[in-house]
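Asker: Letter by letter, the chains look like this.
There are 2 protein chains.
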Amino acid sequence: MELSVQLHMDQERVDRALEDYASQWPDHGPLREAMTYSLMAGGKRIRPVLTLAVCRLFGGQVETALPFACGLEMVHTYSLIHDDLPCMDDDDFRRGKPTSHKVYGQATAVLAGDALLTAAFSVLASAPLPSEQICRGVSVLAQAAGPAGMVGGQILDLLGEGKTLREEDVVTIEALKTGCMIEAAARLGAIAAGSTPEEEEAAATYARKVGLAFQIRDDVLDVLGDAGELGKPIGSDQTRQKSTFVALKGLEACEEWVDTLTKQAIQCLEPFQNKEFLCALAQFLADRTK
Amino acid sequence: MELSVQLHMDQERVDRALEDYASQWPDHGPLREAMTYSLMAGGKRIRPVLTLAVCRLFGGQVETALPFACGLEMVHTYSLIHDDLPCMDDDDFRRGKPTSHKVYGQATAVLAGDALLTAAFSVLASAPLPSEQICRGVSVLAQAAGPAGMVGGQILDLLGEGKTLREEDVVTIEALKTGCMIEAAARLGAIAAGSTPEEEEAAATYARKVGLAFQIRDDVLDVLGDAGELGKPIGSDQTRQKSTFVALKGLEACEEWVDTLTKQAIQCLEPFQNKEFLCALAQFLADRTK
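Residue numbers (our numbering), protein chains in the order written: chain A, 0 to 289; chain B, 0 to 289.
Hints were generated in silico from the structure; no laboratory data involved. Cβ coordinates follow ideal geometry from the N, Cα and C atoms, glycine included. Hints should not be assumed to be uniformly reliable.
Unchecked claim - If you want the ones that stay clear, here's a sample from chain A, every Cβ over 12 angstroms from chain B, calculated:
#1 Q10
#2 E11
#3 G41
#4 Q60
#5 T63
#6 F92
#7 S138
#8 L140
#9 L220
#10 L250
#11 I265
#12 Q266
#13 Q272
#14 A279
#15 R287
Unchecked claim - Straight-line Cα separation of at most 27 angstroms, BS3-like style, residue types lysine-lysine; simulated pairs:
#16 A:K101 - B:K101
#17 A:K162 - B:K101
#18 A:K101 - B:K162
#19 B:K101 - B:K43
What the hints assert, rightly or not - One-sided excerpt, in silico: chain B residues whose CB lies under 10 angstroms from chain A:
#20 S3
#21 M8
#22 M34
#23 V109
#24 A141
#25 A147
Turn these sequences into a full structure, and let the hints steer you where they fit.
Answerer: If you want it as structure tokens, here you go:
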């Protein structure tokens, strides 16, 4: 199946499942509305699509991986809500829409993030999988999102603002802040499929490469891109004095780096059948213009 | 064993285990320090002690319940950090110590809360228990802490400020905001012990009664108590125009209500052996002066 068709089908599947979970949350004040506003704000669903694709690669049933995929997307969404808060990155817009605290106020935005993070683990625990696999999924997601992963990266990112960081520091921050969750997306797909440890490690390495390429491409687009398409003002990283890959290495070196990482990611999948979608996905993310 | 001895032993056991978990968090900026500051800020450990006591009641090994107890306490601690934020209750002190955002700033306080909530699920997943029991534990904790529980209660509480609420609304808010987590503490102990559904429900009912009595007693102490002992200014609920049980029913009726609930809680345990500690604990919480 062509990449765009499969991608669209998986994105739709994730969107429908997320809407279904959201409909089950109770109606306390503006909480459900705020949670749903950010969850359905037009994300590209890269992470949950990766979970489904890795599950399929290793012969698993996509339906069994869907709660893992949706839980991970809820955690990703909470992190965006909290990152946008005035005390953090202080962003008024994301994907062209006002951020949660601009619409609902800071208190509700904090709580909507908290609720999405917590609900994610309810969703994981409900997966139609053996308990051993669910436990591993909970552990992988909590590790990737916690102090040794995404939250750790976010605090290092905040500390680094206004400072000139070395390339290795920027790589570490991005690996924690973004890479851990992309790696977790792949691992969750492998766990849902009941893959071997070797299969899971191959998928994890693929995801780390794709994740870093994704982040470098983001920096490139932040300099090159079109404000309307990216949904945030051009050069916003520069304004906030963040050390980006482009600032460290220049545009051309970054574009080559993305190419190399993408080739390496595709190589990780060499031993496996039915890898076409994941190979095409890596290339699609590397080539994207928004 | 006398209540105070067992209580002190269990509190110590929880403190040591929490310190042990905290020592394993990575050292990214001020994150671990901020997480540990709030986690070890002198909490009474009522919830984790309840988990251990219920596990013991139903013949379980306390060591197997310790990760459940500690994970729950991490979730409770995160909720205090976020509740104290300027955009929420805006409290500068808790238990006589400056709150997280006063010491570390708002961004770190938000992230320390996020990290504690996430790490809690890593801790649960590491319990030395069969996967089925861990999955149930994850599900119970996530439900109790999420939009249908604690976070739902917090948003209703914020919405209710400055309004005159009916008694049933105050009961609902407190049941969600505080009661769900106290009930979850009991359920987690029962799950760790591998109890029967009937045993778990009896412990859950006991905990709901104790939890409501605890909250009413808190309101009473807010009016009666001594500022130094309670660690927050006297009458702070009144200042913030919260509808409290005392405001609704008066002091005397509240004290009677605490008595009745405590007697009912103790009755729930009637069928069980070795219930002395939990009976004494209910009475101890009802009679406390701080």
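Asker: Compare the structure with each hint and give your call.
Answerer: Hints, verified against the model:
1. Q10: A:Q10 is indeed farther than 12 angstroms from all Cβ atoms of chain B, at 25 angstroms.
2. E11: 25 angstroms, holds
3. G41: It holds; A:G41 is separated from chain B by about 22 angstroms at its closest Cβ, greater than 12 angstroms.
4. Q60: 19 angstroms, holds
5. T63: 14 angstroms, holds
6. F92: 20 angstroms, holds
7. S138: 4 angstroms, violated
8. L140: 8 angstroms, violated
9. L220: 26 angstroms, holds
10. L250: 30 angstroms, holds
11. I265: Since the minimum Cβ distance to chain B is about 31 angstroms, A:I265 lies beyond 12 angstroms and the statement holds.
12. Q266: 30 angstroms, holds
13. Q272: 30 angstroms, holds
14. A279: 33 angstroms, holds
15. R287: Holds: least Cβ distance 29 angstroms, greater than 12 angstroms.
16. A:K101 - B:K101: The given pair, whose Cα atoms are some 24 angstroms apart, holds under the 27 angstroms limit.
17. A:K162 - B:K101: Roughly 24 angstroms between the alpha carbons, so the hint for A:K162 and B:K101 holds.
18. A:K101 - B:K162: Holds, because 24 angstroms separates the two Cα atoms, which is no more than 27 angstroms.
19. B:K101 - B:K43: The given pair, whose Cα atoms are some 22 angstroms apart, holds under the 27 angstroms limit.
20. S3: 34 angstroms, violated
21. M8: 29 angstroms, violated
22. M34: 7 angstroms, holds
23. V109: Because about 6 angstroms separates B:V109 from the closest Cβ in chain A, which is inside the 10 angstroms limit, the hint holds.
24. A141: For B:A141, the interface hint holds, since the closest Cβ of chain A sits about 4 angstroms away, which is under 10 angstroms.
25. A147: 5 angstroms, holds
Taken one by one, the earlier hints fail for this structure at numbers 7, 8, 20 and 21, listed in ascending order.
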